[in-house]
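Put the two chains together into one complex, using the hints given.
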Amino acid sequence: MKRTIYVIAEHDDGNISRITWELFAFAKELGDKKAFPIEFLILGDDINGMAKDIAGATGKKVNAVHLSSLNYYSSQLYISALEAFFLGLKPAFICIGHTARGTDFAPGLGVRLKAGNITAVRGFSDDEERLSFIRLIENGRRMAYVSPLTDTVILNIQPGVYKPIKYFPSSPGPIFKHHMELESESTCFKGIKPTGRSTRGLTEAEVMVAVGNGIGEGEGLDHIYRLADIFPKSAVAGSRIVCDRGLLAYGHQVGITGATVSPSLYIACGISGSSQHLAGMSDTEFIVAINTDADAPIMKVADVCVQEDMTEFIPMVIDVFTKSLSNDKEE
Amino acid sequence: MYWIYLSKREVKMKILVCIKPVKKQEKREDGSDFYSEDIHMNRFDEYALEEALQIRETMGKTTVDALTLGPKYAEQVLKRGIGMGADRGIHLLKEDDPFRGPYYTAFLIAEYAKDKSYDLILSGVMSEDLMQGQVGPMLGEMLSMNCATAVITTRIFSNFSTVYVERELEGGVREKWELTLPALLTIQTGVNRPRYPALSQLLRASNQKMEVIKGERLGSPLARQVVTNTAVPDKQRRGSTLQGSSEEKAEALVKIFLEKGFL
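Those protein sequence lines, which keep their order, are chains A and B. Sequential numbering from 1 applies to the first sequence in this note's numbering. Sequential numbering from 1001 applies to the second sequence in this note's numbering.
Worth flagging that the hints you see were computed from the coordinates, not collected in a lab. Hints may contain errors.
[To be verified] Taking lysine to any residue and the SDA-like style, the derived pairs with C-alpha atoms no more than 20 Å apart in a straight line are:
#, chain 1, residue 1, chain 2, residue 2
1, A, 233, A, 201
2, A, 114, B, 1027
3, B, 1023, B, 1093
4, B, 1260, A, 230
5, B, 1255, A, 328
Chain B on its own, in the form it takes in the complex (with noise of 0.2 Å):
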């Protein structure tokens, strides 16, 4: 893979990925759970960007911003994004708060991309930890950009004007909607393979300079929720669990399906 510079005149399509970084969850040996250092980038944005990635190739033209928000270690999914093929990397510097919630996450973005002209803008559907699937939409309505959820197939007009998409429904029903330019899409998994980073890539990204916005200077909104408090569910059904060495479980197990009627 090569990098090729395209002048300003030259680039037709301005894309914008948002990368949310994510912790790992570890175990310890007593059982309790804890947060490791080992920030990955959320798997959805990844198809995202896989996505964008992809488009750039098909249309030429185009350019590929990867953003994240986040604390300094946050840069990984950054480096990770240019070992892709990102052109660019974009780093909002925030402090970490899991819980400041998808309005003031995509305040934030909206601050920053609001007079950068991007035409497309790609993200996961969801985020892994939280789950909300809200940053994506609330940044689409901020842009005043036509938005889709749960996109499963991309096909930009060759007039860089429109986006054909299929959302992906319950079941596996797709609907098909044509969105004129700019557009929002939030990217659903299975969309496409996310390639590996290529090593000269990978050196490449460590040496390039993230562009890196304080926090601060993009505002502050009023919060409009707060988390107070998490907890472990509790359980739904009155199972058991099977005890003693795996040999003796499996003899369980099968004593369970014959006496059950399954075999």
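Chain A on its own, in the form it takes in the complex (with noise of 0.2 Å):
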């Protein structure tokens, strides 16, 4: 029986989220495989330009679903809608952005619908023929399978995992305007806070070394700094446990919640690589990862790998370039 992938586009303030095409790439795929169709819905309040967009560079049909009250996104709003928008459908997936919105109603909406729910999916298996989800886990150390067993499976899908894909066919997709009112009574915008922090150090930077957990209580932060130094443009980063643990301000973090960044040499010291981390700089173009732990995943996204006690390692670099410099002098 042919039931459909519903793809439930992320927008913010009148644009297209580039999650959204990621989730085409990934609901193609699993589309292709199970030969089911693919529906795209859109929910808010000025959603008409955002439709026609996303018909026009996919060629499937978008649900418009319009509410007066969702001016900004709220998680009680998109439950109710949603719920209200699947009643006596009966959708086999529903793919939406791994992001800090679509975790947020996800889980929820699962309850709703009586449906599973799978987060942070980065790919899918059909093996067996049984189908199931690929997610990492004990911080990326490990993938896990999980199959699903309901009708209906929700799934956050990984950004920076799927290419994002536009076709352009000659003739767009439908699209289908459905108007509901309903009120959100008991939560409250009040309004964005745009981050405080000052990042642009980092985003200017060639050349970045980045600090994580192994630094330990921080006496090795000084040759951190020392060896940013030897490079020209560089800077000093950190993995977010560093910047909670107050070993270096918020502005220094590189990450889904800090800085993306994508300089030419990224030197990753004691940084263990969770999805978060690797997620703000996974575009840089050559990394290089010194870890005690050679199964740590940074190790699997580096160029070089270097299996050492950064503490002790580091300053071992800054001698053998120092003395390199006056060798130099010396001839």
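Right, here's the structure in full:
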């Protein structure tokens, strides 16, 4: 029986977010495998323009769910509106971004629809006639294959794994408009605070020396700065946990809730490489990872892996470089 | 720190903090992984508990219950919770099953909590081991509570009926919300600095009886997912591992930097 894969578009301030096109890429792969059709859903108060864009870029049917109370995202309204939309339908899969918004409403939606929920999905496998979805566990050190047991499955897809696609087929998909009147009675949106931290120093740097929890109590922080100093146009960065612990200001944080950087060189010192951190620096041209743990996830994305204790190794590197400078002078 | 007894009439806010017991992953000498007996509080839940304790200190007339789900060893996280200052510990006793699925876990906690009239339920935004971020918002929906995830700031209004929160989005941008209580919040790291348990508190904790509820009494919903396999991910880049002594590796690394023009 053909059942539909729904993609819930994410948008902000009138713009369709990049994750929406990544969701399309995922849905296409899944749809091709299961021979299920794809439909889009977009919710909000001013969505006609965006609905047209999606229909034009994908050729798929777009359900534009209009709520005048939804001028800004609200998990309460999303869950109630989607429950109403899906009433009587039997969606096979509902694809949502694994983003701050998507992970906010997807679990509650699963409870309402009596659906299964799998988050941070990076792919799927159809081996042995059993569909399973792949996600990372244990700070990225292992993958788990999760098989749903429900008729409807809600999937939050990890950003940055699927390449965004737009087709622009010769004829755009049809747009179906739905109107709903729902009020959020007991939650009140009060506005946005832009980030107070200045991360300009990070985004402009060509070389980044980043420190993670391997720093220990922080005595080695001086060496991190000295290492950064030997490179031109460099900056010191940190993983979230180092900033949470107060060793670096949050303006140095690289990761999903911090800065996204793409320098020429990223030296990750004592960083395990959680998905949240990798998402902020995986576009780096050349990654060097220094870690005592050979199985740390960062080692899988590094171009050069050094299995050493950063607090002892970094001073050695600085020494070697300084000596080579004085050797040059002698000649 | 001292322990205050509040009569039922005086309590204006009941807070529940859900804490997951996490096993430490260790390596044997041959390089294989194993889970040690070292149980600790999920780091993210520690921030949630600290937030609850700070709310109690600010507002007064508040009780903080710590709850955990797991086998006998899970009580260690409750003892630490009480050591940090929670008033009571609640242990939902259930055999270890790391992959029972977030729906199942949320269901069991909801069964316990549904008739306890909690005003505020806090948990960490995700667990260290499974990193799903689902149990919190599922629990909120099951209990029909207003819910906000990835909360980085909380402030209870003086009338004890509304909470102001800021949610953290990508790039550090924040959303500001006011939610009517009862509410469930999942707490992001960095929201506060979790305290160390005081020795006197830990002694009280070791003597204090926890409320223990056998998991069977909470029912067992149909499983919504099953984990069929786990594996180590493949390498994503054609990276090389430097060999030799530490000094040799340092030399090799500087050579690479020079050759590639970084230095």
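Hint check:
{"no.": "1", "hint": "233/A - 201/A", "in the structure": "holds, 9 Å"}
{"no.": "2", "hint": "114/A - 1027/B", "in the structure": "violated, 40 Å"}
{"no.": "3", "hint": "1023/B - 1093/B", "in the structure": "holds, 17 Å"}
{"no.": "4", "hint": "1260/B - 230/A", "in the structure": "holds, 15 Å"}
{"no.": "5", "hint": "1255/B - 328/A", "in the structure": "holds, 14 Å"}
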